[in-house]
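> Fit chain A to the supplied structure of chain C, relying on the hints for placement.
Chains as they are written, first to last, in my numbering: chain C, 76 to 367; chain A, 55 to 301.
Treat the hints as calculated values from the structure; they're not laboratory data. Values in this document were obtained by computation on a predicted structure and should not be read as measured data. C-beta: ideal position from N, C-alpha, C; glycine also. Fair warning: there could be bad hints in the mix.
Computed footprint of chain A on chain C, listed as stretches where at least three residues anywhere in the stretch have a Cβ under 8 Å from a Cβ of chain A [unchecked claim]:
1. 255-268
2. 284-291
Covered, in the sense of this in silico footprint (three residues per stretch, anywhere, with C-beta under 8 Å from a C-beta of chain C), are these stretches of chain A [claimed, not checked]:
3. 62-74
4. 180-192
5. 255-265
Some chain C residues flagged as far from chain A (calculated, every beta-carbon gap over 10 Å) [claimed, not checked]:
6. 120
7. 124
8. 141
9. 149
10. 180
11. 182
12. 204
13. 208
14. 209
15. 220
16. 227
17. 252
18. 328
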Amino acid sequence: MASEGDRRADPEVERRSRLLGGLHFEGEGARGVAIALLSTVVFVTVVVVAVTQSPGWPEVRRTFFDWGDISSSFPEIARAFVLNVKIFLVCEVFILVLALVIAVLRSLPGPVFFPLRALAVIYSDLARGVPTILVIALLGFGAPALQLTGVPRSRVFWAGVGLILVYSGYVAEVYRAGIESVHPSQEAAARSLGLSRFQALRRVILPQAIRRVIPPLLNDFIGLQKDTALVGTLGVIEAFNQSQIDSSATFTYGAYLAAAALFVAITIPLARFTDWLVARDRRRRQAAGGFA
Amino acid sequence: MSALRLASVHKSFGDNEVLRGIDLEVAEHEVVCLIGASGSGKSTLLRCVNLLEPLDAGRIWLGDEEITRRGVDVNAVRRRIGIVFQAFNLFPHMTVLRNVTLAPRDVLGLPRDEAERRALDLLGRFGLADRRGEYPDRLSGGQQQRVAVVRALAMQPELMLLDEVTSALDPELVAEVLNVIRELAEGGMTMLIATHEMGFARDIASRVCFLEEGLILEEGPPHEIFASPKEARTQQFLERIIEAGRL
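In isolation and in its complexed conformation, chain C is listed as follows (with noise of 0.2 Å):
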């Protein structure tokens, strides 16, 4: 049958995973490989001339790319690090789950649920519209400040809240973005199989929208990762701050340099490990199984 030779061999979808890859050689075996490394070995011949003949480049080697600086701070940043990284992996659950609910609230339907859905909003622009940093100023200084009795007086504490309040935010739009791409008639088929809304929601709806939202979902969580920093201005010790403390005592900026590489060290598997998992939904849902 035609048609389903055709979808085989997808050139559509072929592209799709190809770019997915965003690694992979557009050129044909050996002779491609050949011209992306002659490629790579100009572009990275030209940037390093022009930055080592810049007049300012001896000072900059000696203030930054001193490796005795690197390698003696880093053991201390990598420690501090790990209070990022809990951080990070905290949130991220709190935050996945407040946007998912966020997000299914501002689409529910009719007119009854318009005071849901419009809390629903405001909470996304304001969450969204006030710079994270202020957040979590107001937060860190201010509700320990309160001394209520039951409230965790930890400033790390109000930081993540912070970090969750905000991010949660723009996940929720995400969310909803992928909630949306679902095309109603896939609810249609749902509901007329008897399945209730919340049904319909959570077996048919989510799986699809939020398959479909990953590779941005990750870009946010790469951009909490990042974040964590911003608990450094609280006066807690992370990786920013004792990087700070670092390079305060030695004038010298290669701590930095050693806390950007636990950081990258972080996001990028991250990135890949995202870009697979999409690659294999897909590969799953439209390649494997096969006519045999």
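Leaving out everything else, chain A in the frame of chain C:
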């Protein structure tokens, strides 16, 4: 007792009055085909019966229960009615088997193995048993539509609504789907079918209704409607169909 009864059903979308007073009765085990031009209201009628569209006026009974009364449990009503759509509307993130077992498990509360046993039984009956693990994107249109029929049947509905189920198919795939429906009709399933397949309607229908601008203009047994239509509009419609080589 009739399986389905519609009385003076009205439905508008904005200024566009799509159904302008439909009266229709479908007896148990009867197969009623709705024919008429695109936009005559066939699909809307089916969606109203399944409560996917609220009525503006009129009443609908399923068996002896009025399903348009206030406070009716729409989920309970839809459980009793199967609908198959033109565009299949399978759930793309689920395998064929999961598509079929979703509602029996989540809505009827069947245990997993019981639901799967029933689903495999039905899939086998319609030649789809070896497709149970596939995702819908990997199936041909004809296979997808047959899965959609099985998905609806798995709820053991007392009435099936078919909304131009072959219109989105490549011509060579139409027959396999029509054969499935024919089999259902022979098995005594009560069906309300919107279709452009006139030859099929003539073969399978116990009764044919010609819709024009939101009204049932003429109805009767297929040999009467197709051979000697009384209304001028029905004659014109059928002449155009014959010219197009569809009858």
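> Next, verify each hint and record whether it holds.
Hints and how they fare:
Given a C-beta distance limit of less than 8 Å, the hint that chain A covers the stretch 255-268 of chain C holds, as 8 residues qualify and 3 suffice. Only residues whose beta carbon comes within less than 8 Å of a beta carbon in chain A count, and the stretch 284-291 of chain C has 1; fewer than three means the coverage is violated. Residue count for the stretch 62-74 of chain A with a Cβ under 8 Å from a Cβ of chain C: 0. That is fewer than the three needed, and the coverage hint is violated. Requiring three or more residues with a Cβ within less than 8 Å of a Cβ of chain C, the coverage given for the stretch 180-192 of chain A holds, as 5 such residues are present.
Check result for the stretch 255-265 of chain A against chain C: violated, 0 residues qualifying (beta carbon to beta carbon below 8 Å, three or more required). With a cut of 10 Å on Cβ distances, residue 120 of chain C stays outside the contact zone with chain A, its closest approach being about 46 Å. With 10 Å as the threshold on Cβ separation, the claim that residue 124 of chain C sits away from chain A holds: the shortest Cβ distance comes to roughly 50 Å. Here residue 141 of chain C stays apart from chain A, with its beta-carbon at least about 53 Å from theirs, past the 10 Å limit.
At the 10 Å boundary, the C-beta of residue 149 of chain C stays outside the reach of chain A, the nearest C-beta of that chain being 44 Å off. Against the 10 Å criterion, residue 180 of chain C stays outside the reach of chain A, whose nearest CB is about 22 Å from its own CB. Its beta-carbon lying about 18 Å from the closest one in chain A, residue 182 of chain C satisfies the requirement of being farther than 10 Å from that chain. The Cβ of residue 204 of chain C sits about 34 Å from the closest Cβ of chain A, beyond the 10 Å cut-off, so the non-interface label holds.
Its beta-carbon lying about 39 Å from the closest one in chain A, residue 208 of chain C satisfies the requirement of being farther than 10 Å from that chain. Interface exclusion of residue 209 of chain C from chain A stands, the closest Cβ pair being 40 Å apart, more than 10 Å. Once the 10 Å rule is applied to beta carbons, residue 220 of chain C is consistent with being away from chain A; the minimum gap is 48 Å. With a least beta-carbon separation of about 40 Å from chain A, residue 227 of chain C lies farther than 10 Å from that chain, consistent with its non-interface assignment.
No beta-carbon of chain A comes within 10 Å of the beta-carbon of residue 252 of chain C; the shortest separation is about 17 Å. With a closest Cβ-Cβ approach of about 48 Å to chain A, residue 328 of chain C is found to remain outside the 10 Å limit, as its non-interface label requires.
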